[in-house]
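Visitor: Following the hints, put chain L with the ligand in place on chain P, whose structure we already have.
Just so you know, the sequences run in chain order P and L.
Counting in this note's numbering, the first sequence runs from 91 upward without gaps.
Counting in this note's numbering, the second sequence runs from 34 upward without gaps.
It should be emphasised that the hints constitute simulated quantities derived from the structure, not laboratory data.
Just so you know, not all the hints are guaranteed correct.
[To be verified] Straight-line C-alpha distance at most 27 Å; calculated DSS-like pairs for lysine-lysine:
| # | chain 1 | residue 1 | chain 2 | residue 2 |
| --- | --- | --- | --- | --- |
| 1 | P | 93 | L | 111 |
| 2 | P | 332 | P | 270 |
| 3 | P | 307 | P | 251 |
| 4 | P | 93 | L | 70 |
| 5 | P | 313 | P | 261 |
| 6 | P | 302 | P | 290 |
| 7 | P | 233 | L | 70 |
| 8 | L | 111 | P | 233 |
Given next are the chains, with one letter for each unit.
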Amino acid sequence: MNKETMKPEERQALVELLYQLADDDFILSFRGSEWLGLAPHIEEDVAFSSINQDMMGHASMYFRLLEELGEGDSDSIAHLRKPEQFRNAIILEEVNGPGTYLEKPDYDWAFAVVRNYFYAVAKQIRLESLRICSYEPLREAAKKILMEQYYHLMHWELWFKQLVTSTDEAKKRMTDAIQKVWKDFGGVLTLGPYYADIVKANLIEDEALLKKRWMNKMEAVFKEVGLDFPGAPRMERGNGRKGEHTSDLEGALSTLSEVYRANPAAGW
Amino acid sequence: MATMTLQEKILFKLQDVKDPEIASISIVDLGMVHEVKVDGSRVTVSVLPTFVGCPALHIIERDIENAIISIDEVEDVKVDFVYTPQWTSDRISPEGRERLKEFGIAPPPLDHVMGEPWSIECPYCGSPYVTMENIFGPTACRCILYCKSCKNPFEAMKPVLNLD
Ligand SMILES: [Zn+2]
Numbered sequence: 091m092n093k094e095t096m097k098p099e100e101r102q103a104l105v106e107l108l109y110q111l112a113d114d115d116f117i118l119s120f121r122g123s124e125w126l127g128l129a130p131h132i133e134e135d136v137a138f139s140s141i142n143q144d145m146m147g148h149a150s151m152y153f154r155l156l157e158e159l160g161e162g163d164s165d166s167i168a169h170l171r172k173p174e175q176f177r178n179a180i181i182l183e184e185v186n187g188p189g190t191y192l193e194k195p196d197y198d199w200a201f202a203v204v205r206n207y208f209y210a211v212a213k214q215i216r217l218e219s220l221r222i223c224s225y226e227p228l229r230e231a232a233k234k235i236l237m238e239q240y241y242h243l244m245h246w247e248l249w250f251k252q253l254v255t256s257t258d259e260a261k262k263r264m265t266d267a268i269q270k271v272w273k274d275f276g277g278v279l280t281l282g283p284y285y286a287d288i289v290k291a292n293l294i295e296d297e298a299l300l301k302k303r304w305m306n307k308m309e310a311v312f313k314e315v316g317l318d319f320p321g322a323p324r325m326e327r328g329n330g331r332k333g334e335h336t337s338d339l340e341g342a343l344s345t346l347s348e349v350y351r352a353n354p355a356a357g358w
Numbered sequence: 034m035a036t037m038t039l040q041e042k043i044l045f046k047l048q049d050v051k052d053p054e055i056a057s058i059s060i061v062d063l064g065m066v067h068e069v070k071v072d073g074s075r076v077t078v079s080v081l082p083t084f085v086g087c088p089a090l091h092i093i094e095r096d097i098e099n100a101i102i103s104i105d106e107v108e109d110v111k112v113d114f115v116y117t118p119q120w121t122s123d124r125i126s127p128e129g130r131e132r133l134k135e136f137g138i139a140p141p142p143l144d145h146v147m148g149e150p151w152s153i154e155c156p157y158c159g160s161p162y163v164t165m166e167n168i169f170g171p172t173a174c175r176c177i178l179y180c181k182s183c184k185n186p187f188e189a190m191k192p193v194l195n196l197d
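If we strip away everything but chain P, and leave its shape as in the complex, we get (with noise of 0.2 Å):
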């Protein structure tokens, strides 16, 4: 399938799972930025903010395929859209903890090892998905972002499986961010409101498979570490994928965007 020949519903379709793509990898990436300077020791700094560079590499990659798609530039796709235009998950716009960056920051370590090594997992199902994407510029994107998701994903389990079984207090908080995030994960396993022409497009796998191969891989892990594994995880507060989202996501676009607002012109 290609630009030209593609039928309206598969354009809408393809629209939407980009922007899903794009969104989540976007707000994570900004929430990761926070960290800067905050992070447990300077090496896991210099790993995070690497991280989050790649992945705003990839948001900035799925915002250039909506630029050819006609979506208008990739620039002001990324800051100029209102919150309720955005598609990313809710638990991936959710603040990193109470204060903010520049005043008190009180930042929880074990959500953000939870959130990133949860989202790295699912990022990396649904990237092995898309290889087989019908569309070939998506197709080759999912590829070279697999990549340096390898590494990514590699970081946050070797995180997660030390802290949940480190110290009881250690184990305390990570179970506490685990259960924490289980209220919302459901957002990011869904495909949304377009999900059936997303899949009829040949674009992704089914949601449901890819949930199940996430749920079969976190059940593995749970027991490795000794954890009792809750079950399917919960969609509590709304689909982002229908625009649904919290106010921490007005926040964020806020300080993404101040400099493009104040003048687009601004190279950066």
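Guide: This is chain L with the ligand only, laid out in the frame that chain P set:
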């Protein structure tokens, strides 16, 4: 020089375009130049980015344009970043591997299989007794190691290979 074709002149010029983050190595030796197309006085260079979010791409694009436009026969230069084929770390030339070492960066392991442990030699003393300090380094494509023999910290290029 008079016997050089335009294509050869362009490749020669591209040897002067260095990776902004590793000043000793050219983009040709890094394996980033995929194709040079010449159509009369118009030149198109397809470049394979090493990492998707590499912030040096704009600089590389500008440096390529400046290098090639300086050739008399050339009137127009276009740089395309393409992702097919994909850049992999085994595209770095033997010359490039030596240049990396001079810069204190170990070249990526040859014959590496993703998922297997790497074997990396210290770029200063050649010792294989090294430990990984941080798989993420100062740039997306590098990691940080420590040599137990000569007690120097050093960097290495990450192996980046197709996972098929
Ligand atoms: Zn050494």
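Visitor: Run every hint past the structure and note whether it holds.
Guide: Now the hints, each set against the structure:
For a cut-off of 27 Å, the pair hint linking residue 93 (chain P) to residue 111 (chain L) stands: about 23 Å separates their Cα positions. At roughly 22 Å between alpha-carbon atoms, residue 332 (chain P) and residue 270 (chain P) fall within 27 Å of each other, so this suggested pair holds. For the hint pairing residue 307 (chain P) with residue 251 (chain P), the CA-to-CA distance comes to about 13 Å; that is within 27 Å, so the pair holds. A distance of roughly 25 Å separates the Cα atoms of residue 93 (chain P) and residue 70 (chain L); the hinted pair therefore holds under the 27 Å criterion.
Taking the CA atoms of residue 313 (chain P) and residue 261 (chain P), the gap is near 15 Å; set against the 27 Å cutoff, the hint holds. With a C-alpha separation of about 19 Å, the suggested pairing of residue 302 (chain P) with residue 290 (chain P) holds against the 27 Å cut-off. Pair hint residue 233 (chain P) plus residue 70 (chain L) holds up; C-alpha atoms about 26 Å apart against a cutoff of 27 Å. Only pairs whose Cα atoms come within 27 Å are accepted, and residue 111 (chain L) paired with residue 233 (chain P) is accepted, the gap being roughly 25 Å.
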